[in-house]
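Next come the chains, spelled out residue by residue.
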Amino acid sequence: MGSADERNARVADLAEAMAGAIRGGDRRALARGLTLVENESAQGEALLATLGSGGRAHRVGITGPPGAGKSTLVSALTAAWRGAGATVGVLAVDPSSPFTGGALLGDRIRMLAHTADEHVFIRSLASRGALGGLSAGVYDAADLLDAAGFDPVLLETVGVGQGEVEICRAADTTVVVLAPGSGDIVQGMKAGLLEIADVLVINQADREGADALEAALRSAVELRDGTPPPIVTTIATRGEGVEALRALLEARAASDEVLPQRRFERARARLRAAVDRRRADGFWAQRGEILEATARAVAAGESSAADAVRALLQEESR
Amino acid sequence: MTATPDERPIRVLVAKAGLDGHDRGAKVVAAALRDAGFEVIYTGLRQTPEMIVTAALQEDVDAVGLSLHSGAHMTLFPRVLELLRAHGGDEILLTGGGIIPEADMETLRALGVGELFGPGTSLAALTNYIREEVAARRGVGSAPPDA
Numbered sequence: 001m002g003s004a005d006e007r008n009a010r011v012a013d014l015a016e017a018m019a020g021a022i023r024g025g026d027r028r029a030l031a032r033g034l035t036l037v038e039n040e041s042a043q044g045e046a047l048l049a050t051l052g053s054g055g056r057a058h059r060v061g062i063t064g065p066p067g068a069g070k071s072t073l074v075s076a077l078t079a080a081w082r083g084a085g086a087t088v089g090v091l092a093v094d095p096s097s098p099f100t101g102g103a104l105l106g107d108r109i110r111m112l113a114h115t116a117d118e119h120v121f122i123r124s125l126a127s128r129g130a131l132g133g134l135s136a137g138v139y140d141a142a143d144l145l146d147a148a149g150f151d152p153v154l155l156e157t158v159g160v161g162q163g164e165v166e167i168c169r170a171a172d173t174t175v176v177v178l179a180p181g182s183g184d185i186v187q188g189m190k191a192g193l194l195e196i197a198d199v200l201v202i203n204q205a206d207r208e209g210a211d212a213l214e215a216a217l218r219s220a221v222e223l224r225d226g227t228p229p230p231i232v233t234t235i236a237t238r239g240e241g242v243e244a245l246r247a248l249l250e251a252r253a254a255s256d257e258v259l260p261q262r263r264f265e266r267a268r269a270r271l272r273a274a275v276d277r278r279r280a281d282g283f284w285a286q287r288g289e290i291l292e293a294t295a296r297a298v299a300a301g302e303s304s305a306a307d308a309v310r311a312l313l314q315e316e317s318r
Numbered sequence: 001m002t003a004t005p006d007e008r009p010i011r012v013l014v015a016k017a018g019l020d021g022h023d024r025g026a027k028v029v030a031a032a033l034r035d036a037g038f039e040v041i042y043t044g045l046r047q048t049p050e051m052i053v054t055a056a057l058q059e060d061v062d063a064v065g066l067s068l069h070s071g072a073h074m075t076l077f078p079r080v081l082e083l084l085r086a087h088g089g090d091e092i093l094l095t096g097g098g099i100i101p102e103a104d105m106e107t108l109r110a111l112g113v114g115e116l117f118g119p120g121t122s123l124a125a126l127t128n129y130i131r132e133e134v135a136a137r138r139g140v141g142s143a144p145p146d147a
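If you read the protein sequences in the order shown, they are chains L and Z.
Residue numbers are given in the numbering used here: position 220 of the first sequence equals residue 220, and the series is strictly consecutive.
Residue numbers are given in the numbering used here: position 27 of the second sequence equals residue 27, and the series is strictly consecutive.
The shape of chain L in the complex, shown without the other chains:
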């Protein structure tokens, strides 16, 4: 073990070497880099600092309830973009067990057609306790794929209900995928999923109930402020409607106004969240004892929660 300076220098050297390999198209280095940033390690930070965080790729979020066909649509969109000559990065998030921390990541099963294609890179991420349908590491992982030259980068969330809207803070464009049968979901969707949709997709459009779903969606999105999002119908298993969806996403990416504004909002929200998290870590690291004492007082009814919060925050300003 050397001094902290020596260790930092070593981390920087390794980051430099890894960044060079990633720029040169070394997929193994990219995979290792993704592990580093996913684990929020110092080496991962150094790597992103060296490589830059991209900022070129169109980040397309694909979200929707379980069984709507998100993975199949991601696979079909990947095929469409490959047909147009693009290189595609995919980050697919599945839930971690809150009890064991384990996860079964099965999104690749629907994406096998692209396994042999060196211009497609697919990585499965476990949510690792993050709420909102993503994982904490997915933001940095998207930066890394972006910096490695993949464009677009597709972000697939876990199967979501109504309140899991984190994807709109990670993506430039949010695609909400629904399937016939989720019509009753739409009924209750005054808030949440429908509000974050930049594009709505009715997948499995050959199934009964597709027309009713479309009607329900149209009346629901009319209530939103501004221009209602476009509705696209697809049958992802057969690739139907997928090229039209891709063209629509491309047109959005080409607009001079939409993406820059979204990127600014994305950056602002991310910075705030990152600073909040670090401050909170630092704050609690020094207040184990006082937290314990205050919590006992609140639990015993000797102090109100509001008074305890004030006392803890006063402690901070000293």
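Careful: at least some of the hints might be erroneous.
[As the list claims (entries may be wrong)] Among chain Z residues calculated to face chain L with C-beta under 7 Å, some are:
| no. | residue |
| --- | --- |
| 1 | R34 |
| 2 | V40 |
| 3 | I41 |
| 4 | Y42 |
| 5 | G44 |
| 6 | L57 |
| 7 | T95 |
[Said to hold, decoys possible] Residues of chain L placed beyond 12 Å of chain Z at every Cβ, according to the derived structure:
| no. | residue |
| --- | --- |
| 8 | A126 |
| 9 | P180 |
| 10 | P230 |
To be clear, the hints were calculated from the coordinates, so they are not data collected in a lab.
Ideal Cβ placement from N, Cα and C applies to all residues, glycine included.
Using the hints, position chain Z against chain L.
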């Protein structure tokens, strides 16, 4: 939450190689590894060695668990091992199970394949083996100390 190289979750690719359609065993193993706290990437049936290795490298797994019942273990295990080594995946543990004669297990171990598990193996034995073997391999890896 910051994970140091040693405490990050163990990632395992579970794949079913060969042309037979029996993936029940692979699914049971995948679920058991998940319940043991591993992150399990499950890729489904009829995977070629090339597909298995590409997925293992992209996912940066610690171990590959191969299930096969087709009798092709003497071709498939060496091929996967060869491809892993050719693409910088030397430190990835290759293990697995199926109906494999003891003599063949011995031959495969000599090549560098890990323990292979026959029918009736307890899931705990498999889980413990992967956990210990991955810990040992991470220990000798080239990862620098976390600053």
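Structure-based check of each hint:
Taking 7 Å as the C-beta cut-off, the interface hint given for Z/R34 holds, the closest approach to chain L being about 4 Å. Using the Cβ-Cβ criterion of 7 Å, the hint placing Z/V40 at the interface with chain L is satisfied: the shortest such distance is roughly 5 Å. Here the hint on Z/I41 is kept, as its CB sits about 5 Å from the closest CB of chain L, short of 7 Å. A least Cβ separation of about 5 Å between Z/Y42 and chain L falls short of the 7 Å threshold, and the interface hint therefore holds.
The closest approach between the C-beta of Z/G44 and any C-beta of chain L is roughly 4 Å, which is under the 7 Å cut-off, so the hint is satisfied. For Z/L57, the shortest C-beta to C-beta distance to chain L is roughly 6 Å, which falls under 7 Å, so the interface hint holds. Given the 7 Å rule on beta carbons, the hint for Z/T95 is violated: about 18 Å separates it from the nearest Cβ of chain L. Separation of L/A126 from chain Z is inadequate, the least Cβ-Cβ distance of about 5 Å not exceeding the 12 Å criterion.
Taking the minimum C-beta to C-beta distance to chain Z, about 26 Å, the non-interface status of L/P180 holds against the 12 Å cut. Here L/P230 stays apart from chain Z, with its beta-carbon at least about 33 Å from theirs, past the 12 Å limit.
Hints 7 and 8 from the earlier list are contradicted by this structure; the remaining hints agree with it.
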